[in-house]
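Novice: Note that the protein sequences, when read in sequence, are chains L and Y.
The working numbering applies: residue 1 is where the first sequence begins, and numbers increase by one.
The working numbering applies: residue 1 is where the second sequence begins, and numbers increase by one.
Read the hints as simulated data drawn from the structure, not as lab findings.
Here the structure is a predicted model, which means the values were calculated and not measured.
Using N, Cα and C, we set each Cβ at its ideal position, and we do this for glycine too.
Some hints could be false.
[Stated by the list, open to error] Beta-carbon label-pair distances, calculated as ranges:
(1) Y:V138 x L:F107: 51 to 61 angstroms
(2) Y:I19 x L:G130: 44 to 54 angstroms
(3) Y:P122 x L:A135: 53 to 63 angstroms
(4) L:A135 x Y:P207: 36 to 46 angstroms
[Said to hold, decoys possible] With a straight-line Cα cutoff of 25 angstroms, these simulated BS3-like cross-link-like pairs (lysine-lysine) come out:
(5) Y:K285 x Y:K222
(6) Y:K222 x L:K50
(7) L:K106 x Y:K156
(8) L:K27 x L:K106
(9) L:K72 x L:K27
(10) L:K14 x L:K50
(11) L:K50 x L:K27
(12) Y:K176 x L:K106
(13) Y:K285 x L:K72
(14) L:K72 x L:K213
(15) L:K15 x L:K29
(16) L:K72 x Y:K222
(17) L:K27 x L:K64
(18) L:K77 x L:K50
(19) Y:K285 x L:K67
(20) L:K50 x L:K29
(21) L:K14 x L:K29
(22) L:K77 x Y:K222
(23) L:K77 x L:K106
(24) L:K106 x L:K29
(25) L:K14 x L:K64
[To be verified] Where chain L lies over chain Y, by a calculated footprint (3+ residues, C-beta under 8 angstroms):
(26) 222-233
(27) 279-289
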Amino acid sequence: MYFGFRGITIRFGKKTVLEDVSLEIPKGKIVSLIGQNGCGKSSLLKTISKAVTPRSGSAVYRDKEVKRYPPKVLAQKIAYLAQVHTSPPDIDVRTLVSYGRYPYSKFGRGLTAQDGVIIDRAIEMTGLRGLQTQALSTLSGGERQRAWIAMAICQEPEILILDEPTTYLDISYQVEVLELVRKLNREMGITIVMVLHDLNLAARYSDCLIAIKNSRICASGTPREVLTEENLERIFEIEAQVFEDARHGCPWFIPIQTTFHKGEAT
Amino acid sequence: MTAVSNLKSGKKSPYFGKILVILIFAAASAVSVFVCVGIGTVKFSIAEIWRALWIDDDSTARLLIWNLRFPRVLVGGLVGICLSLSGCILQGVMRNTMASPSTIGVTGGASFIGYLTLVAFPAYAYLLPIGSIVGAFVTTMLIYALAYQKGVSPVKMILSGMAVSALFSAFNDIIKTFFADSLGNASGFLVGGLNGAGWDSFRMILPYAAAGMFVCLFLPAKMNILMLGDETANSLGLRTERFRLFLIAVSSLLAGAAISAAGLISFVGLVVPHIARLLVGSDYKYLFPASALLGFTLVTACDTVGRVIMPPGEIPVSIILSFIGAPFFLYLLRTRKKDRE
Numbered sequence: 001m002y003f004g005f006r007g008i009t010i011r012f013g014k015k016t017v018l019e020d021v022s023l024e025i026p027k028g029k030i031v032s033l034i035g036q037n038g039c040g041k042s043s044l045l046k047t048i049s050k051a052v053t054p055r056s057g058s059a060v061y062r063d064k065e066v067k068r069y070p071p072k073v074l075a076q077k078i079a080y081l082a083q084v085h086t087s088p089p090d091i092d093v094r095t096l097v098s099y100g101r102y103p104y105s106k107f108g109r110g111l112t113a114q115d116g117v118i119i120d121r122a123i124e125m126t127g128l129r130g131l132q133t134q135a136l137s138t139l140s141g142g143e144r145q146r147a148w149i150a151m152a153i154c155q156e157p158e159i160l161i162l163d164e165p166t167t168y169l170d171i172s173y174q175v176e177v178l179e180l181v182r183k184l185n186r187e188m189g190i191t192i193v194m195v196l197h198d199l200n201l202a203a204r205y206s207d208c209l210i211a212i213k214n215s216r217i218c219a220s221g222t223p224r225e226v227l228t229e230e231n232l233e234r235i236f237e238i239e240a241q242v243f244e245d246a247r248h249g250c251p252w253f254i255p256i257q258t259t260f261h262k263g264e265a266t
Numbered sequence: 001m002t003a004v005s006n007l008k009s010g011k012k013s014p015y016f017g018k019i020l021v022i023l024i025f026a027a028a029s030a031v032s033v034f035v036c037v038g039i040g041t042v043k044f045s046i047a048e049i050w051r052a053l054w055i056d057d058d059s060t061a062r063l064l065i066w067n068l069r070f071p072r073v074l075v076g077g078l079v080g081i082c083l084s085l086s087g088c089i090l091q092g093v094m095r096n097t098m099a100s101p102s103t104i105g106v107t108g109g110a111s112f113i114g115y116l117t118l119v120a121f122p123a124y125a126y127l128l129p130i131g132s133i134v135g136a137f138v139t140t141m142l143i144y145a146l147a148y149q150k151g152v153s154p155v156k157m158i159l160s161g162m163a164v165s166a167l168f169s170a171f172n173d174i175i176k177t178f179f180a181d182s183l184g185n186a187s188g189f190l191v192g193g194l195n196g197a198g199w200d201s202f203r204m205i206l207p208y209a210a211a212g213m214f215v216c217l218f219l220p221a222k223m224n225i226l227m228l229g230d231e232t233a234n235s236l237g238l239r240t241e242r243f244r245l246f247l248i249a250v251s252s253l254l255a256g257a258a259i260s261a262a263g264l265i266s267f268v269g270l271v272v273p274h275i276a277r278l279l280v281g282s283d284y285k286y287l288f289p290a291s292a293l294l295g296f297t298l299v300t301a302c303d304t305v306g307r308v309i310m311p312p313g314e315i316p317v318s319i320i321l322s323f324i325g326a327p328f329f330l331y332l333l334r335t336r337k338k339d340r341e
């Protein structure tokens with residue numbers, strides 16, 4: 001297996017969040033995890049950042065459990081962006097981006113000229129050139145998210161994991177972030193795994209959707225296979241009409257009503 | 001990397017201001033040595049001080065300067081550096097700018113084990129710093145365990161700090177009452193202050209202080225990564241749990257060394273990192289040197305003020321610092337905005 005999860009069970013106290021979930025992420029694709037709040041999709045990704053310790057099972061990279069890699073070596077392969085970012089408010093964009101070179105740092109040595117080149121390139125790719133000396137706290141939500149993505153680019157990862165990268169953003173910034181993510185995938189060949197809330201955006205920007213419900217994976221495949229009227233009702237408890245977008249060939253839907261009080265209505 | 005980009009853009013470094021602040025603090029530290037040595041019931045000019053530092057004769061100047069004032073300034077300076085660095089580190093470990101050796105009760109715990117050491121081995125005063133360091137470490141671990149859940153809640157931290165402080169100060173009073181005889185030999189530690197601090201104290205704490213300061217040279221990169229939160233720091237390849245434990249050990253080393261020489265000095269570890277942060281920002285590359293130098297200047301200056309303000313009496317440095325520190329602490333409590341996210 002290139003990258004994925006093997007037999008992950010996560011429990012918080014007595015509550016079972018995920019039960020024996022195995023999942024393989026195809027190399028070079030954009031994969032989005034979808035599911036209702038609290039279904040465990042973020043928890044699954046958090047096993048990689050060690051914020052969640054699974055009861056059993058492990059994330060796997062190149063047939064080896066991720067915990068068997070030295071942390072810095074793993075950080076050169078897999079970058080992870082948390083949903084909520086914390087940072088001192090006064091650090092400037094360039095400084096934040098440069099922290100992405102930490103996995104390559106050696107004891108007692110500062111940033112090299114090569115690091116500088118890589119940082120410059122990441123700033124260029126994310127369109128932050130004019131903002132690089134600005135303090136993070138002065139940026140808009142979308143700009144800040146781009147700065148964090150630039151930091152992840154500096155890790156030169158094969159795999160980028162994003163936990164709800166569009167939450168709290170205006171729709172224009174959501175699209176901007178997803179466009180950027182897709183650019184990283186198409187131009188640099190980075191495999192993307194992310195959690196997304198907006199199903200239409202997930203369908204538009206992903207090669208593959210994986211839906212989680214009742215602690216298990218209940219659907220996976222291309223957006224067209226997963227985003228069906230039947231699945232929307234089964235997984236998300238809504239009645240909806242699904243259309244296909246002629247231009248991009250991806251499905252999209254309009255909700256009609258919830259199904260959990262279908263009996264009462266009309 | 002900054003150098004590279006600055007050459008390209010031809011602009012003045014954005015870090016120029018920070019470096020300037022650090023240079024000013026360095027100059028202030030150097031000046032404070034001469035001012036603090038010169039001022040007192042007998043005043044000396046810079047020339048006299050310079051001469052007395054280098055030429056060993058039987059003059060009053062040599063006696064006063066070399067044997068009394070100069071070592072006292074050095075001890076005060078070391079204490080200031082140690083407490084400030086310790087505060088900086090604790091604020092990083094707890095990821096909370098209200099943390100400092102005094103606010104979280106480390107001083108109380110360090111003195112307690114320090115007292116025990118003096119009582120148990122009255123003939124070996126040089127064991128005192130080791131006792132204080134162990135005490136500081138145990139207390140910090142205790143507060144950390146009590147208040148830490150994915151970042152330290154400030155309320156929990158301050159409250160558990162208060163509780164721990166109160167407990168230890170009760171123990172300390174008991175020891176002081178019942179074992180007064182065994183505690184004869186460490187005046188600064190007992191009274192709190194630098195009165196009588198001489199070459200003995202300097203030699204006693206120098207190894208620990210120097211070791212702590214040396215380690216601090218290698219911390220900034222990792223401290224900066226830690227400030228991004230555990231999730232991000234972990235995924236950048238930092239072993240956060242292990243690093244935190246190491247930081248607690250270093251901050252205890254520094255705090256314990258300072259406390260064993262000067263006893264309970266509050267607020268340095270809180271106020272100094274704060275002022276430094278306002279001036280040079282929260283990048284530890286600049287924060288560490290700025291804090292250390294400011295701590296040096298602040299403690300030596302306050303000690304000198306306490307020494308000369310009401311002759312022939314002397315006000316302990318801890319009291320002068322409390323006059324500055326307590327209002328500042330209250331000010332912080334009121335104005336502190338949610339400074340993360």
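Novice: Please go over all the hints and tell whether each is borne out by the structure.
Specialist: Status of each hint after checking the structure:
1. Y:V138 x L:F107: 51 to 61 angstroms: Roughly 29 angstroms apart at Cβ, these two residues miss the hinted range, so it is violated.
2. Y:I19 x L:G130: 44 to 54 angstroms: 24 angstroms, violated
3. Y:P122 x L:A135: 53 to 63 angstroms: 55 angstroms, holds
4. L:A135 x Y:P207: 36 to 46 angstroms: Cβ of L:A135 to Cβ of Y:P207: about 40 angstroms, so the range 36 to 46 angstroms holds.
5. Y:K285 x Y:K222: 10 angstroms, holds
6. Y:K222 x L:K50: 18 angstroms, holds
7. L:K106 x Y:K156: 37 angstroms, violated
8. L:K27 x L:K106: Violated. L:K27 to L:K106 sits at ~30 angstroms, over the 25 angstroms cutoff.
9. L:K72 x L:K27: 21 angstroms, holds
10. L:K14 x L:K50: 20 angstroms, holds
11. L:K50 x L:K27: 23 angstroms, holds
12. Y:K176 x L:K106: Cα-Cα ~49 angstroms, so violated.
13. Y:K285 x L:K72: 21 angstroms, holds
14. L:K72 x L:K213: Roughly 33 angstroms between the alpha carbons, so the hint for L:K72 and L:K213 is violated.
15. L:K15 x L:K29: 32 angstroms, violated
16. L:K72 x Y:K222: Satisfied, since the Cα-Cα distance of roughly 12 angstroms is no more than 25 angstroms.
17. L:K27 x L:K64: 16 angstroms, holds
18. L:K77 x L:K50: Answer holds: L:K77 to L:K50 is near 16 angstroms, not above 25 angstroms.
19. Y:K285 x L:K67: 31 angstroms, violated
20. L:K50 x L:K29: 24 angstroms, holds
21. L:K14 x L:K29: Violated, at about 35 angstroms.
22. L:K77 x Y:K222: Answer holds: L:K77 to Y:K222 is near 20 angstroms, not above 25 angstroms.
23. L:K77 x L:K106: Answer holds: L:K77 to L:K106 is near 17 angstroms, not above 25 angstroms.
24. L:K106 x L:K29: 32 angstroms, violated
25. L:K14 x L:K64: 29 angstroms, violated
26. 222-233: Since 8 is at least three, the answer is holds.
27. 279-289: Coverage by chain L holds for the segment 279-289 of chain Y (3 residues, Cβ < 8 angstroms).
The structure is inconsistent with the numbered hints 1, 2, 7, 8, 12, 14, 15, 19, 21, 24 and 25, although it conforms to all the rest.
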